[in-house]
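Asker: Chains as they are written, first to last, in the numbering used here: chain A, 1261 to 1610; chain B, 1261 to 1610; chain C, 1261 to 1610; chain D, 1261 to 1610; chain E, 1261 to 1610.
Simulated from the structure, these hints should not be mistaken for laboratory data. Be careful, since some hints might not be right.
It does not matter which identical chain is meant; a pair holds if it fits inside one copy or across any two.
[To be verified] In silico EDC-like pairs for lysine to aspartate or glutamate, Cα to Cα no more than 16 Å straight-line:
id: 1; residue 1: K1298; residue 2: E1497
id: 2; residue 1: K1608; residue 2: D1460
id: 3; residue 1: K1358; residue 2: D1522
id: 4; residue 1: K1482; residue 2: E1384
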Amino acid sequence: MKKKFINKKGLAPGNLEFHGEIVSENSLVEFIEFSTHKFNRHVSSNIEEISSKIDLNNQNWLSFVGLHNVDYLKIIGEKFKIHRLHLEDILNTDHRPKFEKQNNYLFFVAKLFSKTDGTTSNYEQISIIIGNSFVLTFQEKESDVFKIIKTDLERNDSKVRNSKCDYLFYRIIDSIVDSFYYSLEKVSSDIEVLENQIHDNPKSENHKQIQELKRELILLRKSAYPLREAISKLQKESSELISQDTSTYIGDVYDHCVQVLDGIETYRDLTSSLMDLYMTSMSNKMNEVMKVLTIISTIFIPITFIAGVYGMNFEYMPELTLKWGYPIAMLVMILLAVGMLFYFKKKKWF
Amino acid sequence: MKKKFINKKGLAPGNLEFHGEIVSENSLVEFIEFSTHKFNRHVSSNIEEISSKIDLNNQNWLSFVGLHNVDYLKIIGEKFKIHRLHLEDILNTDHRPKFEKQNNYLFFVAKLFSKTDGTTSNYEQISIIIGNSFVLTFQEKESDVFKIIKTDLERNDSKVRNSKCDYLFYRIIDSIVDSFYYSLEKVSSDIEVLENQIHDNPKSENHKQIQELKRELILLRKSAYPLREAISKLQKESSELISQDTSTYIGDVYDHCVQVLDGIETYRDLTSSLMDLYMTSMSNKMNEVMKVLTIISTIFIPITFIAGVYGMNFEYMPELTLKWGYPIAMLVMILLAVGMLFYFKKKKWF
Amino acid sequence: MKKKFINKKGLAPGNLEFHGEIVSENSLVEFIEFSTHKFNRHVSSNIEEISSKIDLNNQNWLSFVGLHNVDYLKIIGEKFKIHRLHLEDILNTDHRPKFEKQNNYLFFVAKLFSKTDGTTSNYEQISIIIGNSFVLTFQEKESDVFKIIKTDLERNDSKVRNSKCDYLFYRIIDSIVDSFYYSLEKVSSDIEVLENQIHDNPKSENHKQIQELKRELILLRKSAYPLREAISKLQKESSELISQDTSTYIGDVYDHCVQVLDGIETYRDLTSSLMDLYMTSMSNKMNEVMKVLTIISTIFIPITFIAGVYGMNFEYMPELTLKWGYPIAMLVMILLAVGMLFYFKKKKWF
Amino acid sequence: MKKKFINKKGLAPGNLEFHGEIVSENSLVEFIEFSTHKFNRHVSSNIEEISSKIDLNNQNWLSFVGLHNVDYLKIIGEKFKIHRLHLEDILNTDHRPKFEKQNNYLFFVAKLFSKTDGTTSNYEQISIIIGNSFVLTFQEKESDVFKIIKTDLERNDSKVRNSKCDYLFYRIIDSIVDSFYYSLEKVSSDIEVLENQIHDNPKSENHKQIQELKRELILLRKSAYPLREAISKLQKESSELISQDTSTYIGDVYDHCVQVLDGIETYRDLTSSLMDLYMTSMSNKMNEVMKVLTIISTIFIPITFIAGVYGMNFEYMPELTLKWGYPIAMLVMILLAVGMLFYFKKKKWF
Amino acid sequence: MKKKFINKKGLAPGNLEFHGEIVSENSLVEFIEFSTHKFNRHVSSNIEEISSKIDLNNQNWLSFVGLHNVDYLKIIGEKFKIHRLHLEDILNTDHRPKFEKQNNYLFFVAKLFSKTDGTTSNYEQISIIIGNSFVLTFQEKESDVFKIIKTDLERNDSKVRNSKCDYLFYRIIDSIVDSFYYSLEKVSSDIEVLENQIHDNPKSENHKQIQELKRELILLRKSAYPLREAISKLQKESSELISQDTSTYIGDVYDHCVQVLDGIETYRDLTSSLMDLYMTSMSNKMNEVMKVLTIISTIFIPITFIAGVYGMNFEYMPELTLKWGYPIAMLVMILLAVGMLFYFKKKKWF
């Protein structure tokens, strides 16, 4: 699936509207309620039923999948007092990663990459809102990135189960940054495969593959730079919603994000080296072909001329009547050809 | 219409003079007066009539179209106490986007892009002045970008109708930033079309089209970077003319502007990839042609030589009198040709 | 006239010496004395006579043309208490634009471009010193850039006549920045002309012309960047010599300077696009030539071989005695040629 | 050994796990206990035995080689109260160089390069923890970089023996930065060798060698930039663990690190010059070959045509019956050939 | 003499050792003692004799030439209380230019360029230490750069004679910055010469010369950037060793240094333009050659085919027996050739 770099529908304020492609049929809400002694999980498409069950004395994680059902958002927006602009940001699936602090919650937007078999990355937008006793996540489609977190939440001895919402929030961001590694790995192995192919026998389709790698890296870079900014801002603007301990962990995520960026820049360099390699290989291959022509032409042109001379029909051409004329002519031609071959060899032309 | 990147007429201070091309015949003033309970709209070319109607207890939006009528500006300048340098900036349609704060008003200059059918962007300069109870906009020609705002103003339940001038000001800037998206979309689809064309059959006019895309992106970039600066400055320099609520909305516009810049940088990368693609495709096409020549030449040059040898007129050439001379010569030539073909095939030359 | 980018004579401190080329024969001083009610203008080559006339109760503008007369500088330096290093800077006509604040005056160095008919820019260094009631300007040669200011000074209703020296200073800097526009315009029209020429029929001299444009832009950039810095420093370091009102005007000049830099960067991009265009056009032109050779060769080589075959002198060549041998051979050759033409056409080789 | 730029196993928090390739079979701990009057050295694979011997009144240096034995780390982590995230960082051998300050210790991660005979660098990660009376170093495999430090520790008149742990820490970081010089030297001599080879006779494998140099420099750069940052942070964030005197020495290491970076950037420039040289040399070599073909073709094509003309079988060709026909034809051909040679010589084609 | 960019001998602390090439045989100390009324100059290779003569009530300048005599340094280091690390920096002749402030002195390292006849720059390291009443300079070999300063010191009316050590220090730094101008001048004239050569007749050795220019500029840049930093740091960190007056002069040196950097960047641009020029000239030259081949081939291939046709030995070829057959065939061939020439001329192929 090829994603546009810029969404078509403008960003005009007004009614809440979904700006994106509908990528999953149904909208679902997964509601996980947890505390050290309690763990409940509800999946429903009835937002009002879910909404009534929320107990703000527990930790609550509401995970929304499928954003085209705008009504859900309105109800949630009212219940948790989310700013209208943030609801709009959630619906605009082409938003730049960012972090914003509100009085009662923190708002975080990022891109989430998934594993794919295909050539181009599969990614979606994820928005996260963390309040005092709730975490809300909004995704376009289901992804298995958070499965480990959910398994950890079920175990009553896990750190995430026994911590506040801020640690859950850290785990989510950590998973997002990790999702970049999967894409980078794919790029890494693609570069290696391509490099070997081009070394063996460069083909014109390799150029297209390199272009796709470049495009992939542009996409990753475009998602990772603002993500770093967002995490950095999250670190700097201290909020009572994030504990000191979790803040240390977020520092670790920041380190990973910087490492992802390092990797992206490195692969950009390697991809442009690959392009160089492709160019040089193609040109070397062509030169090899041209050289053979050149050498064959250069050898045969003079001797063909000699044959042409003795093909002339002049009446008085003394050589023609000589008994040894033909063998001598042949010898001359052979000597000429061999001489030129030696000359070219000496000049290291082949 | 091809716009100059630098206006010819210098920027010498002195008399107020229009520095630009006259792009619309008549100068018009549209005067919209609104408050929660009131909405009046006058269109006139008589500035003094309009001027007398202005009631600074209401919200007033004066929209000027056509800047070559300098007298209008002088009257307006005096009425609203606009600094002389700002009047000059309005008249110089080649000004860099900027924001400036004055005691009694804020001054904002930007570029506004319009949809076009043609290949190059259609854009104009827009200057905005916002005071306590008035918004003044100055454009070179009419554009339909603000139609939605005007429709919203007519509806007495819209937010813009029930807010102060600062919200109207936000809506105008928001529309300006949105106008960049239209141009970017065009660039985006042009790149896609070009990419497919070049993949199928590169032509030399594609180079010109890529150059035009580059030029378009240079123009967009040149307009968007200072716009971001201007909005950022507007955000930072708090003014009592902009309420806290509107300030949040302007933060949102800033985000969009950053996103536009991200898009521009991405398309620049893609355009230079396109250039690479064009170069490589052209060179591959040429190489394909050259290879055929090379192979045909390399095969025929030696056998033509053989034919030449037996075209020689030596009296004593024993092969010529052999009964099987001709078929054997032909066989040798065919074997030579086939042998070379095999050799080239093995070398993966075609 | 081709200017060196770095002056040969080092910058060793020591005696005051002129480091530059003497570009105007005689050194002249133009002394303009003005206040709201008074305007006197003296041109003389006798510095002492001029010096005695200066009345520091009026506004005084001393304009020096021709810097090789070091004695003038010494007298002026003593009279107005100019720092020795600044006198040296004035004499070194290869100085970087800069601004420096002294107790009793401000020192400003810039480059001034003049209109020329030739291909390369004509520019000179200008140093300006503004004190409480005097402005001193030092130029290498006469230029008509300041003519408008002088005309305005004569008119007793002009702002510059009725203001302090700081406004005159602003007008001078404004003229300097404007002088960059003239050079940019030339570059702009040169680029347009070259682009059309290269599109029509690229020639090898176009390359040289593009190089000259690049060099011109390097020169402009080298002069404009430090100029922006200097103006910015002038704006920031408030001095009682510059009034609040003039400061606003200098902000305007700063805007223009930024715009000039924008223009320079844009033209740099366009020039490198032009280089691309030239390269591609040359290569396309060459390819077109090569293609014709390729096609003609590829068609004639095989049929020339056939002709060669029937030119062989074997005794037993049954085709030669056939009645229809010749027409059939011709037919085969024609069919071969036409077939190849069709094949190439289908492959879109021409 | 070719190292991946990004490690495959994500960085998910959870159980302590080794993320890397196991490069040395056995895990060893080297424990050096020293003070002015004492020096003991134990090597063991029994961490508990070592742990019991540690006396925090002395200076202690524990050097771990081989990180796949996670249990060691757990014991050490508890004994010295190392933060869990730091233990994870030690195990992830693909970590970015960094410095972090904790209450009771400083944590430092860097890359250590070793001398190799091969073409690509041999490097490993090293993590250093310095506390009040201990230095812990964690390496993937043994390296002889620290041999000098150990020898100095044995001598009871050496500065490192008579100083606190901070000086030992300085010596370790100094050795790490020095290890970059060895890699740079290799790059330096490789560039020189390659340059000479390419000047003499460029080969297509040279391209691959240049690519490897580039890759090497990318790797060095990726390791050196964050190292500089880390040392800079170490310098700025004063800690009571680092004495004033040692701080001066660390400033010196910082200088060396900057110099390494200077070197890397310089070699990057030189490598891309080398690429230029390779390209130009290959193209010059090809051009030389093509020129010979061109000249030979251009000379022989016209005279071969003349030979062809007199090979025609027309009945009435008066020249054919002339007695001097053949010698004259030969003369004409020779004159033509010599004439063209002169023309090409004059045009400086060879 | 080709200098390495990175010195081989690491920078391990330990014994004072000379890390560099010995470029001058003998180590000399020149001791100049001066005050307004006194001037003594001693040259000796006996450091202890010199050391005993130093009177710290006067101004003293000790200039060391030849650094391989480490004992000298030890004595001086003790006498003037120089930090060990600084002594090491003096001995490591590959140090990065830097400035450091100590309690009792300032330490400054820079590169000094000398005039040479050869192609590559001749430069050496110079370290300067300025204390209350002494200036120490350490050089690898003698250079005539400071001759002017010494001459000025002898004259008892010169400013340097009548000032404190700080002015002498300024004069030395000023001479160092000036020394860059000489190298830049050489680069400048080399570029000009090369440009003309390439325009007239590009040769393959020009490429090597451009590479050397690039390398030269890399070297200059690598020396000038940290020098600017060092001077800037010297300016900012006020020290009682530098008087207010001298500080102004150092500001002037800073300006010159920035100008040198401007020049270096400009020449880098020009050098890469030169590379473009070389590439284009070579390619144009080659194209010119190829075009001649192309045109000659394209004209002769078809007419040679016609000659081949009438060289066939078919029995029934009616044209052969025609009386006008031969002249008509010749006419057709000539017309064909002329027609093609016209066609190529019209297409502007030559």
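Asker: Now look at each hint and say whether the structure bears it out.
Answerer: Consistency of the hints with the structure:
no.	hint	in the structure
1	K1298 <-> E1497	neither (32 Å within a copy, 44 Å between copies)
2	K1608 <-> D1460	between (23 Å within a copy, 11 Å between copies)
3	K1358 <-> D1522	between (20 Å within a copy, 13 Å between copies)
4	K1482 <-> E1384	within (13 Å within a copy, 30 Å between copies)
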